[in-house]
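Q: Construct the complete structure from the given sequences, taking the supplied hints into account.
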Amino acid sequence: MKITVFTPAYNRGYILPELYRSLQAQTFADFEWLVIDDGSSDRTPELFKAWEQEQNPFSIRYFRVENGGKHRAINKGVNLARGELFFIVDSDDRLTPDALESVAKWEEGLPDKSCFCGVAGNRGNGSQHVIGTTFEGEYVDATSLERTRLGITGDKAEVFYTKILRNYRFDEIEGEKFLTESTVWDRMAYNGLKLRWFNHTIYICDYLEDGLTRNMKRIFSENPKGTALYIKQQIKHYNYDLRGRLSNYNLYYDFVGARTGLRKAARYLEIHPMTLLAATCLVRLRKLMLQRP
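Each residue of the sequence shown is one higher than the one before, starting from 0 at the first, in numbering that gives the first Met the number 0.
Misleading hints may appear alongside valid ones.
[To be verified] As a list, the in silico PhoX-like pairs of lysine-lysine whose alpha-carbon atoms are at most 25 Å apart:
#1 Lys224 x Lys193
#2 Lys162 x Lys193
#3 Lys235 x Lys193
#4 Lys216 x Lys176
#5 Lys112 x Lys176
#6 Lys231 x Lys176
#7 Lys162 x Lys75
[Unchecked claim] Label pairs and their computed distance ranges (CB to CB):
#8 Pro16 x Arg258: 31 to 39 Å
#9 Glu65 x Pro16: 23 to 31 Å
#10 Arg217 x Asn166: 26 to 34 Å
#11 Cys114 x Asp154: 19 to 27 Å
#12 Asn124 x Gln23: 16 to 24 Å
#13 Gly150 x Ala257: 31 to 39 Å
#14 Arg42 x Cys280: 14 to 22 Å
#15 Arg63 x Arg217: 20 to 28 Å
#16 Ile163 x Cys280: 41 to 49 Å
#17 Glu135 x Arg217: 16 to 24 Å
#18 Cys280 x Glu107: 52 to 60 Å
Derived from the structure by calculation, the hints contain no laboratory data.
Please read these numbers as outputs of a predicted model, since none were measured by experiment.
No residue lacks a Cβ here, since even glycine has one placed at the ideal position from N, Cα and C.
A: Structure (structure tokens):
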């Protein structure tokens, strides 16, 4: 099987039919729809019970687990996937009719697959509107850590080789239910694995009020250990100088400080509390100086 379309679902029964219909409309049929229901309390189980009885050119595999967060669902999904490629499509989003055909075409054209972890198209609010920014031309080969330099900003539609994802699992931190996907995508990039970014919108999304994107600051604050892991990894991967490190320390404290306090925040970052205090003071001082006439 070529592609596993993977959907982690949590109380999205009101909008999941839109994704289902977009999968039924695909021009490419060599895929499965693998769904991990992360403890939904709405009508999600009933929807899949009905859909599994319908005649589709693709299989639907539905699993219900105890609520543990999207990153744990991805770990489980990667283990269960039968597709060569693993495409995470969130429960409130949908695909363009040619999305999976485009993914297969671009992946098959890779010159040396050992250098790549997958391919990536654009996301949009419509087939002609790209979220974030993109580059000129049809495609570019680059790691996720090179995105900003190349003008590839905003959410994109990454599709990874399943066998590679099995070697890059998300950390599962006891008591926390969120870890940003960038922690894994950037680890692959740091080890030199590239994506072929192609300039075609294949993924349509609307950032809902109950979604992760619109609630990111709150979610970061509720998961301070995972957020600290992400910040420390960013500092390492981008090789930040002193100013960059202090700026990231301050950003972390802005996220979690009200919940953890200075000492606990510093412990999660594995730095001295005075270093964190200095970071917050220096950033505030710089802002004040910039505001002076």
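Q: Taking the hints in turn, state whether each one holds.
A: Here is what the structure says about each hint:
no.: 1; hint: Lys224 x Lys193; result: 28 Å, violated
no.: 2; hint: Lys162 x Lys193; result: 15 Å, holds
no.: 3; hint: Lys235 x Lys193; result: 18 Å, holds
no.: 4; hint: Lys216 x Lys176; result: 14 Å, holds
no.: 5; hint: Lys112 x Lys176; result: 33 Å, violated
no.: 6; hint: Lys231 x Lys176; result: 19 Å, holds
no.: 7; hint: Lys162 x Lys75; result: 13 Å, holds
no.: 8; hint: Pro16 x Arg258: 31 to 39 Å; result: 37 Å, holds
no.: 9; hint: Glu65 x Pro16: 23 to 31 Å; result: 25 Å, holds
no.: 10; hint: Arg217 x Asn166: 26 to 34 Å; result: 32 Å, holds
no.: 11; hint: Cys114 x Asp154: 19 to 27 Å; result: 24 Å, holds
no.: 12; hint: Asn124 x Gln23: 16 to 24 Å; result: 22 Å, holds
no.: 13; hint: Gly150 x Ala257: 31 to 39 Å; result: 35 Å, holds
no.: 14; hint: Arg42 x Cys280: 14 to 22 Å; result: 51 Å, violated
no.: 15; hint: Arg63 x Arg217: 20 to 28 Å; result: 26 Å, holds
no.: 16; hint: Ile163 x Cys280: 41 to 49 Å; result: 42 Å, holds
no.: 17; hint: Glu135 x Arg217: 16 to 24 Å; result: 37 Å, violated
no.: 18; hint: Cys280 x Glu107: 52 to 60 Å; result: 54 Å, holds
Figure legend: structure checked against the earlier numbered hints; hints not met, in rising order: 1, 5, 14 and 17.
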